[in-house]
Every structure is written in C-alpha cells, then in structure tokens.
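Peer 1: Following my numbering, the numbering of the sequence shown begins with 1 at its first residue and continues without gaps.
Hints are not guaranteed to be accurate.
[What the hints assert, rightly or not] So the derived label-pair ranges between C-beta atoms look like this:
hint: 1; residue 1: L21; residue 2: S55; range: 23 to 33 Å
hint: 2; residue 1: L16; residue 2: A46; range: 30 to 40 Å
hint: 3; residue 1: G13; residue 2: L47; range: 29 to 39 Å
hint: 4; residue 1: L6; residue 2: S55; range: 26 to 36 Å
hint: 5; residue 1: M26; residue 2: M1; range: 17 to 27 Å
hint: 6; residue 1: P7; residue 2: A39; range: 16 to 26 Å
It is worth saying that the hints were derived from the structure and are not from the lab. Yeah, the Cβ is synthetic: ideal placement off N, Cα and C, and Gly gets one too.
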Amino acid sequence: MWYEILPGMAIMGVCLAIPGLSTVYMHRWTNGGKEKRIARYPYQWALMERDRRLSGVNKYYVSKGLENID
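With the hints as constraints, model all of the structure from the sequences given.
Peer 2: Structure (structure tokens):
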C-alpha cells in the first residue's frame, strides 16, 4: 500500500536535513554561539566592519556593549 513508502521518505528527509542543520551548528560553534551574519548590502557590510573595529580583537562577532566603548 501507499504507507510502505513512509519509512523510505523519512530516511531521505533526515538525510537531506542533516547538512543544513549541521551548518547552522558549525557556524554557532565557530562564531562564539552567535548566528552567522551575512552582508548583502553595503550598509550591512559597514556595520560588520564597525563591529570588527570596535571589538578590539578584530572579530565582528565579539561585541562590546555601549558602556564599554571609549
């Protein structure tokens, strides 16, 4: 019957989901627990460069609060 295909579809769905989910977790692991930032527009790139400059360690994902900026 039609339900005999469900186990195969479930296995295929899991196999297709693994790369996408593992990419998210690898980015969180490498970026100190934060999501990967994507600069699609020049303004977003300028904000990332500002964050990189203000962090003091040349990494955009290590941010300081406003109280720590001189």
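Peer 1: Kindly confirm whether 23 to 33 Å is satisfied by the beta carbon distance between L21 and S55.
Peer 2: holds (28 Å)
Peer 1: For M26 and M1, compare the CB-CB distance with the range 17 to 27 Å and indicate the outcome.
Peer 2: For M1 against M26, whose Cβ atoms are near 40 Å apart, the range 17 to 27 Å is violated.
Peer 1: Regarding G13 and L47, is the given constraint of 29 to 39 Å on their beta-carbon distance met?
Peer 2: Holds, at about 37 Å.
Peer 1: Could you tell me whether the CB distance from L6 to S55 stays inside 26 to 36 Å?
Peer 2: violated (49 Å)
Peer 1: CB of L16 to CB of A46, is that within 30 to 40 Å?
Peer 2: holds (36 Å)
Peer 1: Quick one: are P7 and A39 within 16 to 26 Å, going by C-beta?
Peer 2: Distance hint for P7, A39 is violated at roughly 43 Å.
When held up to the earlier numbered hints, the structure conflicts with 4, 5 and 6 and fits the remainder.
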